[in-house]
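Sequence order for the protein chains is A and B.
Residue numbering for the first sequence follows our numbering, starting at 1 and increasing by one per position.
Residue numbering for the second sequence follows our numbering, starting at 159 and increasing by one per position.
Possibly wrong hints are sitting among the right ones.
[Claimed, not checked] DSSO-like cross-link-like pairs, simulated, lysine-lysine; straight-line CA separation at most 27 Å:
#1 B:K288 - A:K156
#2 B:K242 - A:K117
#3 A:K84 - B:K307
#4 A:K32 - B:K288
#5 B:K190 - A:K156
#6 A:K84 - B:K314
#7 B:K310 - A:K32
[To be verified] Quick list of simulated restraints, FRET-style, between CB atoms:
#8 A:G107 - B:M199: 36 to 42 Å
#9 A:T18 - B:K220: 53 to 59 Å
#10 A:N58 - B:K226: 49 to 55 Å
Because the hints were derived from the structure by calculation, they are not lab data.
C-beta: ideal position from N, C-alpha, C; glycine also.
Number of protein chains: 2
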Amino acid sequence: MQTLVEGILSRHSVRKFTGDPINENDLNTIVKAGMAAPSAMNIQPWSFIIITDKGILNNLCKALPYAKMLDKAGAAIIVCGDSKEANWVVDCAAATENILLAAHALGYGAVWTAVYKYESRIEPVRKECKIPNDIIPLNVIPIGIAVDKNVKPINKYN
Amino acid sequence: MQTLVEGILSRHSVRKFTGDPINENDLNTIVKAGMAAPSAMNIQPWSFIIITDKGILNNLCKALPYAKMLDKAGAAIIVCGDSKEANWVVDCAAATENILLAAHALGYGAVWTAVYKYESRIEPVRKECKIPNDIIPLNVIPIGIAVDKNVKPINKYN
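Based on the provided sequences and hints, a complete structural model is requested.
Structure (structure tokens):
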């Protein structure tokens, strides 16, 4: 078992997945980690969309130029923010980091693919997932079993 | 030792500190955790200011209405972003979450006190810490030994 600090330092973006599904309990734990993030005045201005449907994953894959790994992801989580709340972007970014760390901790790979602030990405995600107008998708996080288990994180400290 | 998921789920904001100092190695590990965050195109648009000087902590305490715990903090980390980079806010928010988690993992308490987007907070922090104009302090994170070790995190899942 990794400690928290080891997990933070060893996490890295994973972009190649086997196509295998993600355990549903694990997905719930991963989203719960997102919900554990701090938020300004504890407003928790977020919503999380969990996608396991292959058809939706493939549609998002086609629509998003930097999320082409979605066709081999076991699932994806979309972190959305309530645009009426002033601090939704930072709060949702903190929640996203928790999601990435929890996925890593549970043995999955994941990667943050940005949606906001790109209108050309926000609109297709909104349409595919029926997201109301005042809610904005910050990112799509493909999650899956990594093809290569031996990838080392980039050294960012030199 | 906590696992990564346990650490994420049990972390909570700590606002009352004993006034004791923070071990320097621990501070370096905490900042290293910040640097391990993902960033758009791996640009890492961040800088971290580590403050242990009591005079500076007290000056920031006086200047910042929501960071009054700084006078009892052992240290503070200021997460700054390069405003020339489009995604600095989300990248620095992810780094901040890693810092909060690493502080928690090492047995310290910490709390995210927002600076950006409040001009009335950005300016005094910039002046006190001599931060160049194109670099923006996202937050000040007081870190210390928690007075009350038995505080439980808020249940955010109901």
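53 to 59 Å as the expected CB spacing between K220 of chain B and T18 of chain A, which holds or is violated: holds, 55 Å
27 Å Cα cutoff - pair K84 of chain A, K307 of chain B: violated, 35 Å
Hint consistency between K310 of chain B and K32 of chain A [alpha-carbon to alpha-carbon, up to 27 Å]: holds, 16 Å
Range hint 49 to 55 Å (beta carbons of N58 of chain A and K226 of chain B) holds or violated: holds, 52 Å
Hint consistency between K84 of chain A and K314 of chain B [alpha-carbon to alpha-carbon, up to 27 Å]: holds, 20 Å
Distance restraint hint 36 to 42 Å, applied to the beta-carbon atoms of G107 of chain A and M199 of chain B: At 26 Å between Cβs, range violated.
Proposed proximity, K288 of chain B with K32 of chain A (alpha carbon, max 27 Å): violated, 39 Å
Holds or violated: K190 of chain B to K156 of chain A, with C-alpha atoms at most 27 Å apart: Holds: K190 of chain B and K156 of chain A sit about 9 Å apart, inside 27 Å.
27 Å limit on alpha-carbon distance, applied to hinted pair K242 of chain B and K117 of chain A: holds, 15 Å
Pair hint outcome, K288 of chain B versus K156 of chain A [Cα-Cα no greater than 27 Å]: Roughly 25 Å between the alpha carbons, so the hint for K288 of chain B and K156 of chain A holds.
When held up to the earlier numbered hints, the structure conflicts with 3, 4, 8 and fits the remainder.
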